[in-house]
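As given, the protein sequences belong to chains A and B, one line each in that order.
253 is the number that the working numbering gives to position 253 of the first sequence; each next residue is one higher, with no gaps.
273 is the number that the working numbering gives to position 273 of the second sequence; each next residue is one higher, with no gaps.
If you are wondering where the hints come from, they were derived from the structure by calculation, not from laboratory data.
All values reported here derive from a predicted model rather than from experimental measurement.
Any given hint might turn out to be false.
Think about it this way: if two alpha-carbon atoms lie no more than 30 angstroms apart in a straight line, the pair counts; the simulated DSBU-like pairs of lysine-lysine are [stated by the list, open to error]:
#1 B/K122 <-> B/K112
#2 A/K99 <-> B/K203
#3 B/K485 <-> A/K218
#4 A/K223 <-> B/K490
#5 B/K490 <-> A/K218
#6 B/K170 <-> B/K203
#7 A/K293 <-> B/K490
#8 B/K335 <-> B/K112
Not the full set, but computed from the structure, chain B residues with beta-carbon under 10 angstroms of chain A [stated by the list, open to error]:
#9 A379
#10 G403
#11 G451
#12 R469
Restraint ranges, calculated between C-beta atoms of paired labels, are given here [claimed, not checked]:
#13 B/R184 <-> A/F170: 30 to 38 angstroms
#14 A/L106 <-> B/E289: 32 to 40 angstroms
#15 A/N91 <-> B/T222: 52 to 60 angstroms
#16 B/D361 <-> A/V155: 52 to 60 angstroms
#17 B/W493 <-> A/P295: 26 to 34 angstroms
#18 A/T107 <-> B/G187: 34 to 42 angstroms
#19 B/V409 <-> A/D83: 31 to 39 angstroms
#20 B/I228 <-> A/D83: 55 to 63 angstroms
#21 B/E147 <-> A/N91: 27 to 35 angstroms
#22 A/T107 <-> B/R185: 34 to 42 angstroms
#23 A/D83 <-> B/H348: 57 to 65 angstroms
In this text, a Cβ means the ideal position worked out from N, Cα and C, and glycines have one as well.
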Amino acid sequence: MANKERKVPVIRIRKFSLTFSAILIVISIVVFFARGFNLGIDFESGLSLKVQINNSASDINSVREGLSDINSVKVQMIGQTSDMTYQVRINVDNDAESKAVQTQVLTDLETTFGVGNATILESNFIGAKFSDSLVKTSVYAVLIAMALILFYVWVRFELGYAFSAIIALFHDVICLLGFIIIFRFEISSTTIAAVLTIIGYSLNNTIVIFDRIRETVKTGRIKGLSVMIDSSVGKSLTRTTISSITTMLAVLPLAIFSSGDIKLFAIEMLFGIFIGTYSSNFVAPVFLFLFAKVPGLDPTILKAVDDISDRASVNYLMSDVIRKTEAEKRKKTEALKLEGKKKTTKKGPSKTKKSTTATKKPTLELHEAEEKKE
Amino acid sequence: MNGKTGRIFIVILVIAICLWFLYPTIQWYSFVSEQDKELALDSNTQIRDYARGQSSVALQDLQSMESTEPVSNSQYSDALGKSSKGMTVGEYLESDTEQELFNGIEGYYRTKYLSLKKVSTKALQLGLDLSGGMSILLDANVDAFQEKKGSKATSTEISTAIDQDIEVLKNRIDQYGVSEPEIRRQGTQQILIEIAGEPDPTKVDSFLRGKGALGFQLVDTTTTQKAIDYYSEHPSELYNEDGSFVQPDFLPEGRILTGYYTKDDYGIDELKTLSVIYSEVALDGSYIEDVTRQTDSVTTQPTVSFHLGDEGATIFYNFTKEHVKDVLAVVMDGKVKTQATISTALSHDIQITGFSTDEADELAILLKTASLPIEVTIASQQTVGASLGEDAVAMGLKAITIGFILVVVFMFLYYGIGGLVADFALIMNLYMMISILAGFGSTLTLTGIAGLILTLGMAVDANVIIFERIKEELRSGSSAIGAIKLGYDKALWTILDANITTMIAGIVLMLLGSSTVKGFAVTLTIGIISSLFTSLFVTHLIFDIAVKNKVMISLRRQNNGK
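One chain only, chain B, in its complex shape:
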């Protein structure tokens, strides 16, 4: 009896763990609106822009109201985390400074979407072939790497360079507004990038090449001061609804109002102060080579230095000799990252000094993202339209449902009540498979669905083997209890041998297969594990309990032999 309680406990525990794995998936697909999903899947930058835009609009709404009106919209109180009940708009606006109110509302949206984003990473996501998207496979150009280095590179060196490439690409994600791509290594010399949705091909292209994102631009110090003064008085006028900066009327021709940023709560750039820069780019970042971060041996100050090739050096020299004593900004995707005064005309080797250690580290990383340590070429680029994916999902679900029902009905017709036990095992099997897939953060691909269906068909097999064995034992005159024990004992190694051999195939594929095959192998392997559990453990338990309570589970046709 004790043993049985323990077994029941294990089954319940497994069900509970699976539910825990599955919960984010249920949450994501059932309780999040389409619009919220889209926003949550956007990059952090887009979320921030949205939050700021919403905050600006909300504050302007409030300001346009009569100051004696009561605050009715509970959103503002939610956002600020304090009750606004019984307050009038006037009192409410006075309760905090405009900047505090703005930050509060922005914070509300930020928390909302960043936590939704977390849910999405834990939910079972659809693969590119189902959701639509682009997958790009990059080959590392080892020859060019060795040529640049001047000697033969060891495999460790190549491997490190590829890892750095991946780092660089990841750092570029936000700069180029490419929504949350998956970037990972494939094999020894390849990088796989997967972008869901319908990415803009030109954006993706510049993302891969790293062109145009980083550059050096001059700062207009006079107008910068003017802008800072104005917006400290009127912070809610700073942003458009989409979170971009409003370009004020007092901006002279050829200037852009932007911000000077450091990292913030999104893990991305936070506005430190405003900055007005010239729109003309003095030097494109793609010329930057060999970025190093050092400590000056004399002054012990942190420094960042980099090298320019001949072409870049000429451009830079011609520019800097005209602008000695002016302020030059390192601009990444329209945002000022660092600014420094030009001390003299500069050409090949450039050194930047005058900041804290953290700032120097950040800048060094940033400059490094301008070019990839090891060049890449596109080995394959595949795009799947989202509409095609939707059809495939609908079809896949339909096919799974029909196949599932057919198998369930067949088992009931053939084995009667015993068939229902097998059906229960099958349903639990499906539940476990989906939970484990979600728990491991896998994506569900088309071949994955095929694997799922196949595994369901095969999962029944283990129960069939057991049932046939039990029937044999019953025919040869065993008691019900004896037949169940013998049936399971004799079937155990048959089932294990058969499944382990199949699993060997599954695991090899999982490790070596291309990404399409991998999706299939993962579901197959998970399916084998869960079907072993349900057939050898769960149904056994059900039979044992039934026999103990004198409930006979019939396996139809057992009397044929008499």
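Bound conformation, chain A alone:
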């Protein structure tokens, strides 16, 4: 019984969820302006070296000291102190300069820690033009993908669905970027991959739920769009949960065992799965509900808007609760009539309708419950 009728009160709690999302987005925007991105080497021109030092006396300060004669050098530790692996970043303009600086770094480190004790594990030189074009192509790629998705959803569903889906996607991307900024994760090509994966993942979820809503609207067995949406999200709930769990199970080992870029990718993914699942269930359907009332956007879904029950839900009332209480009232009145008691019933429904949801009149309820037990 519980399964068949399962509903998630998406529309009823929409003010909470929208407020929650708005807060997340505001935080993301604030941290963006306050801190900005921690741009990785892919996006910032210059030379980046990963060096390993084979001398137990080394620590980050001695590395910094050893390299102090090089201009604008930044040293960061990678992993644990015992790994003795450091990231060295230097601003250089061209390739020839980068080669000279690289040699200098190696000589400096060998003077400090002994000849043969410093190894360059990785070396990256990124010209200024390259980092520019990487940002541009990435942004273009995302925008083009979004436009195509919008078009596809418009053709397969209706325009309101497409807008809602895209809004949910922007929501996810902004939240994910906010998360990345807050935790000072480096932005690299891998981050782009994570953002795109989340777009794909969240979209996948949203479409599955929209598909349910579309089906429910088409069959028209339930009255009121808000009820239809609640019930559709509810019917997809098992699937939503299991799919999120399996995807998280697959990504989790990466977050635990890997290192570097891939670890960041996995952590971003975990957060993204969470935020994507949330937006597919609680943000996209709400926007669909709002867009449904805009004439001309969604002809089919507009018909599904049922003023009485949908307005009821606007007043924080769960429409099925209303109908249930109404039905119970009706039953009760009939029962009372049959028993031939007093005629107080005529005024009863409107009074009790308000009171059941607010304070619950005790006497009537109790009586009813006892009857059922028998």
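Starting from the structure of chain A, add chain B where the hints point.
Coordinates of chain B only, in the frame set by chain A:
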């Protein structure tokens, strides 16, 4: 029933095609020794040098044996493709001329490693971030190109010039001994070069600049004749073990023994005859400009002409006026490619004549490789240490395995036998993805592995959607057959819509993304296709067969609603 046979056939066919794609990968990673792999991945020149060295050593071994000893080492008979059973060393050595024996053994090694090389190109290779290596992105310097040309270049002209650059770089590969780099165009004005392993940075540098590889050197004709005479008697003494020439004692100071080469069975230079040249370089190839290949209008002979800038012309003039009537060789990476007699003192415009059409074509191409039609600057150069890569591979495999097991166990716990069907689909999915990646000659990168793991997690989703639908139908009272049919029908468009939208994102990234993102997008897109196939086709078939045979595949928890 017929329909079902057809479907089973399709599934088997897909499995078989995938196996065919995957076979070279299995062969490469399971049956080829580390040492052979390394050699096979080397450039053709290195393979040839190795083959020659081995052949020289083998022949010398044989010659040092007693002539009455029986031939025991079957390698020689394998190499020559004929039985040496019961032959003594003496008889064996007499069975062919020394040159024939040498060629036979060399041929054996050549075939072995060239065919291994073919296997390697068909096997799924690891990306640079996993195997270690260097990736260099070059920007075409359009401004310099236009300045040289004197007018604004159209995009087609630039594009052609970049294609020529790529050709030139490819031709340089063997000359500089850089092991098998991948050279391809990226975007409109960039060239991406990827070199696996741990390339020597100075070698790579001269490879990019093209310096020092091509030059003009004088030929010592007297000593050349002496060397040719000597080695026609003793061919097995010609090479060191590493395939380089032995420098004989009779060589005067400042001379080098080398060969005069044309293209051979490796698709690279074959020794035509020996040549002794002066080690001093008369003119470096980087001065060469505007190489053209023409036919002389009067004599109808093929000619190759080129132009020298002022600086080059001065050097060349001063040199050639001292050496009129001497023989000058075009030397590429220490090998003589062509030699011609200096007719007079030469400066700006030089013409070479006196060879066949093919030779002229070859020389023209060669001279063109000396400089790039459109200059390039290094936009980015990234090196990943191989050891870092090995760790990443080990970690990636570990994470995939654990994630995979977790998902498989979870599905079984949640759906029971039905979960096992989904697990089967998942395994088939992984198998198909790896096969298709190998079949398309893709490389597996770190982000590719991430995409693989993600797709595995998501691939389960399609089955979950179907299972939940089937359970719903069962709850509303459908028969098993009806529930499966309705469940798949209703889930079909849900799954298609959800996957097509994700695939749109994947394809856009594949076309527009940078190389890191591309690796991810490729696995994602392939994963979506294979998961659509396994969930909509393969598991459907399994359910249909099970129902037909009255085997009920339980989807646990279906009774909750009762």
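* Earlier hints that do not hold, by number -> Checked against the structure, no hint fails, so every one of them is satisfied.
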